[in-house]
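Trainee: Sequence:
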Amino acid sequence: MNEEKKYNIDFDKIKKTFKFKENGLTHSQGNQFKLLPYAANEKTLVSNFGGVVGAFSRAICDKKLKSEFNFNEFIENVVDEIGEFEGETSKEVFRDIIKTMFIDKENLFDFDIKTINYISSTSADEKIAKFLYSVLFDEELKDLVVEHYDRNVQNVLYRLVLNALPELENQEFKNEKYKCYLPFVKELFVKDFKFLIEDEELYKDSLKRFLEYYYMFYVSQLAIKLSKFEKADIYKPETIYYTLSWESTSKNRTAYRFGWELLKNNVNSLFSHAITLEFLNHHGLDKQLGYVELFNLFQFINQFEIENDIEKLCEEYIDRRKDGIVWNNFNVKRKKSGCIAFDKVYKLYEAIEYQFDNKNSTRGRANQAYNNWYIKFVHKNFAKKRGALGYNLNLTEEDIILMTKICINNNNKLKLRVLFDEFEKRGMFFDRDSKIKIVQLYEKLNLLEKKSDSGDAQYVRSVL
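The sequence shown begins at 1 in the UniProt record's numbering and counts up by one.
It cannot be assumed that every hint is accurate.
Label-pair ranges, simulated between beta-carbon atoms [to be verified]:
{"id": "1", "residue 1": "Leu144", "residue 2": "Phe184", "range": "56 to 66 Å"}
{"id": "2", "residue 1": "Asn329", "residue 2": "Asn170", "range": "54 to 64 Å"}
{"id": "3", "residue 1": "Phe184", "residue 2": "Glu315", "range": "30 to 40 Å"}
{"id": "4", "residue 1": "Asp286", "residue 2": "Asn412", "range": "21 to 31 Å"}
{"id": "5", "residue 1": "Asn329", "residue 2": "Lys376", "range": "25 to 35 Å"}
I should point out that these hints are in silico values taken from the structure, not numbers from a laboratory. Remember, predicted model here, so these are calculated numbers, not experimental data. Backbone N, C-alpha and C define an ideal beta-carbon position, used for all residues, glycine too.
Please build the complete structure, drawing on both the sequences and the hints.
Mentor: If you want it as structure tokens, here you go:
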């Protein structure tokens, strides 16, 4: 029998996962379908990637920190590497030199690519790192990582200091198997990571921001793709506009209307989508199925049977979410999908969304907490508050320079028009006003070659 015909909703398993009671249930996600590494509370919310970069670096190296980095022990280890000194004074001077050169606020200064592995991380940082590894990293990169992390260091002092670092444990990294919903983002990440790691200085200086951007890129695209259900094109980016930190903006700008204003409404539904997909992935198949895959699958099986099963699931759900919620006004708003079984997916999702949005809902706080994992990250790292306009998506000069390096890659230069195309492939769209500001930045940095004023005759030179 064809494996596709075995899709069958497992009600017994659903009752256990969602802890069905006569008058209640627990909203569950991340078991059968691993969408995002978020929880329905903000206690361990991660908006700073300082620890994430260390956890990610160790993951790609299959390494583990034995203990927190202790700078005093480290300095003494370096002293021991030297062995003999001409008296206690020279030893103390050497300690001061090592502390000045290699310690920054009790942390190890990132003077070498290997030092990234000594950045400590919380369990929440590690959770985000595991997510990034699972949806973006490719095993084919492992040999490249080993080549660069294990290379010989020529600088004698650096080599001495590296030898004094505590040994890392070998630990084969366990892939958490999150669903990579957007293969085109992963493909670009792999390409850009290869370029980044070839330049050690660029890699260690930019890895944190690189990971922050790709996290921003992936989840922003995911939020909009999910809202399009079966109609989503999961092979190319949606248009999301950014503004620039050094420009002014207004409500009439395309970048305002189709930036954070567009994105935040989709982000506010992430928890509802995570729960819907968790329900629908309690089936007889050994794979995680997104909306597009479910829609395609339903075309080739008994639609009436699946339609009845999902309708039954909707009824079971609504029966257990009646604490103060009036369901008389509940109507499915989405139009027909062209598949009667998938139309019930709309109903299930909208029922979940309806009870969260209801003013009498007791679950609104959990819903907002889950979505805030991303919202607060954006506010801190990729947004700028602009008075009455509120938050706009925002990139800095440093961001534009980094992404310009990445997009030009190993070329000497790139046509301006092609460069903006490369930005858009990576989810960075700019309106006319922002593009003018970016061109002015290139002129200021003396990176623009003009053969005429047309985009086809203007080139941007490599920043490297």
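Trainee: Any hints from earlier that this structure breaks? Give me their numbers in increasing order, please.
Mentor: Those not satisfied are hints 1, 4.
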